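2 protein chains.
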Amino acid sequence: MPVDFDISKYDNTTLKQMLSETNSADIAEWINDLEEKQAAIKLFRLLPKDEAADVFADLSRDMQESIIAAIQDYEISSIIDELFLDDAVDFIEEMPAGVVKRVLSNLPREKRDMINNFLKYPEGSAGSIMTIEYVDLKAEQTVAEAFNRIRRDGVDKETIYTCYVTDSARHLLGVVSVRTLLLSSPDDKIEDIMTREVISANTSDDKENVTNEFSKYGFLAMPVVDNENRLVGIVTFDDILEVQEEEATEDFEIMAAMSPSDEPYLKTKISRLALNRIPWLMLLMITAIISGHIIERFEHALTVMPILITFIPMLMDTAGNSGAQSATLIIRGIALEEITSADTWIVWFREVRVATLCGGALAAVNFVRILLFNRWEFLLAFSVSLALFCTVVIAKSVGCLLPQLAKLLKFDPAVMAAPAITTIVDAAGLLVYFGICKFAFGI
Amino acid sequence: MPVDFDISKYDNTTLKQMLSETNSADIAEWINDLEEKQAAIKLFRLLPKDEAADVFADLSRDMQESIIAAIQDYEISSIIDELFLDDAVDFIEEMPAGVVKRVLSNLPREKRDMINNFLKYPEGSAGSIMTIEYVDLKAEQTVAEAFNRIRRDGVDKETIYTCYVTDSARHLLGVVSVRTLLLSSPDDKIEDIMTREVISANTSDDKENVTNEFSKYGFLAMPVVDNENRLVGIVTFDDILEVQEEEATEDFEIMAAMSPSDEPYLKTKISRLALNRIPWLMLLMITAIISGHIIERFEHALTVMPILITFIPMLMDTAGNSGAQSATLIIRGIALEEITSADTWIVWFREVRVATLCGGALAAVNFVRILLFNRWEFLLAFSVSLALFCTVVIAKSVGCLLPQLAKLLKFDPAVMAAPAITTIVDAAGLLVYFGICKFAFGI
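Chains as they are written, first to last, in our numbering: chain A, 1 to 443; chain B, 1 to 443.
Honestly, I wouldn't trust all of these hints.
Identical copies go unnamed one by one, so any copy, or any two together, can satisfy a pair.
[As the list claims (entries may be wrong)] Only pairs whose alpha carbons sit at most 20 Å apart, straight line, appear in this in silico SDA-like list of lysine to any residue: (1) Lys216 - Leu266; (2) Lys269 - Glu337; (3) Lys407 - Glu250; (4) Lys157 - Phe219.
Hints are computed from structural coordinates only; laboratory data are not their basis. These figures come from a predicted structure and were not determined experimentally.
Isolated chain A (complex conformation) (with noise of 0.2 Å):
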């Protein structure tokens, strides 16, 4: 294409037989480079509708927001259809909120549910759950215009129960609800019957933190702005009672050492199961082995006095388990928001005096066990009672430090649950019970 190319030297005949013999990315160069947004935007129009969303993904941003200000709803129907997934996103991700609401809203429903859910708003976010379906309505507006607009508009949208009230460049004024609107006078103002503190989500605030206001407030809907406090979207109760299913769903299998899964059980493959479980299961296998080698070494021990090995299990097993029961309530603490990091410390005293209750009660069961089942030895009986208290309160203890720490080093605390912790803990108990039983039979 010539440089400087002055569009309306030629007829639109021989500019369709050029744009037809020139690749759609140099035609988005020469597109871009118009100087005159008119002549670009005739440019454009001029494409078969099948390259027009081609070189749509390669314009400017500012090129795309001019041609989607200046084209009818079909054709951008017709053109965000036509892209790729990847590009569509691009470019919502970059347009301005009024651009994003008038492109979105003319897609079909299953376009626009896989363009929110790939969007720009990081997965997880707010705005990657949002949807446009919402009322808007004016300030100065009175509730019997306000009625007139939910009577034409409301069947298309996801709540009407909730209205939004914003100004002219979409920031978000208000909030109405119907209810309110059905108990006032029909002469009366919308921006005199709104609730002015609203208490929105930002697009990229986390969904789980979304949720847990939705719990706290009752919300039926809550709507989330941009960084300019411009109205982008609601987030619906629906949507919130799948994402707080999916959430616990996922620390469940994160809690119990697997990826997680967003396919229901039955209809996930074989091979991804497995693929989910097979690096947790190798990576705690292959930690586990560090017990084996504390084992190794006081294999001397446990050749002179073989009936300490049977302690093993009993006290691995009770080590792990208790360190869940921290861990369990810590996580489930942290995702509801009720423990937080400057809680870290009265948490750890917390279950430190838990421990010494439960690894109190434990040993004397243990102690009176031995002594009652293997002749009456004292000293046997109380060397694994003592390493069974002192594993409780190590598991206990790591078991609520542990998901702590990975919060505050912004991992995910389940990654920190049962199974993790059980290897820890195995480890510690082992060491402690070994130090133990040397010290006592001097072995």
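Please build the complex by placing chain B on the supplied structure of chain A, with the hints as guidance.
Quick look at chain B alone, frame taken from chain A:
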């Protein structure tokens, strides 16, 4: 609201102003966080009457009790009377007998009778979480009449967006949403626009099933009927969010071998935390002794070939982790009603295939590792790896079948989770291991 807020620094007018600008859920959180009970009570009393009830519903049990103890009888009456019935019932269920008596005796007779009726619904039933503040309409009313009714009575209803159509004997005939009402003409008859195929819950239905219906249909509210299909209440989505959260927390706790607790971790007494854990730890400690006895039976073999001891932690941990993975997925699938009893053998066959893949991968790695680190003892490597493979298959079979068996026997499948399965598969794994070693090494 500021952190570490000292209310003594502010005068009542300022405090009232601050309260009026704050959402009731946030006020409740703030009062809950106040260390000083007197300050908390003072602040609560500054709330306007209608907001006091909203805040009260969100307070911790502890704080509710303190406030009830501190205020006058007539104040109790007005607060509890203002509460939605489900919140009032929740509160009364948690309070000690003395407080309950004082509260009930200060309520109007009608309210007291209703609360007493609600207290009869079994814990965890739809009846126990429903509320009676719904809008009911008559089939022969017009849309205009319906709106009049909503305007007149709606202000006290928990939701107005779904209205219930009943006959004179309170039988549930249909539902109609405010959306439908808004989109209909004022002269339309309710019977012509209502939905007659109503999905309702029975008062005795498990609240977990009700939650699953909500997720499935995206309900805002669901009617609860008695055995004669008479409408007795509704369950609203905000209660469902809470139920879903509680159910997940409960499953987390049970699966980590604890008795579930209603209270948030930081509000639970140390002794209560310990009591929730000790019985389970004790039970599991005692069952772990079985593994100890199995080891004892093979003490001779272990003394002859002490290297065999060092593989025990790895075998036991892998068994526990493999079983926990399967159990977790199955328990979660059952809870979300993705897996039913008809799927038992399908699920088992899936898990066996997954186990073959997982076990195969682990055994292969383990085989190579032993060859490399244990002087190329082929028979040892083979025996341990074979035992590992068998253990994974057994663990996954047990892990998927036990929760389904529990379900069949009407136990909570979550009880059959990780810790219980660990104990069983530990024992099974050790037996397989020693059996193989005995055969291979003739010891």
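Here is how each hint holds up against the structure:
In the homo-oligomer, the alpha carbons of Lys216 and Leu266 lie at most 20 Å apart only across protomers (17 Å), although the nearest pairing inside one protomer, at 33 Å, exceeds that limit. Proximity of Lys269 and Glu337 under a CA criterion of 20 Å is satisfied inter-copy only: 19 Å between copies versus 34 Å inside one chain copy. When the C-alpha separation of Lys407 and Glu250 is checked against a cutoff of 20 Å, the pair qualifies only within one copy, where the shortest distance is 16 Å, while the shortest distance between copies is 22 Å. For the homomeric pair Lys157 and Phe219, the shortest alpha-carbon distances inside one copy (17 Å) and between copies (15 Å) are both at most 20 Å.
No hint from the list above goes unmet by this structure.
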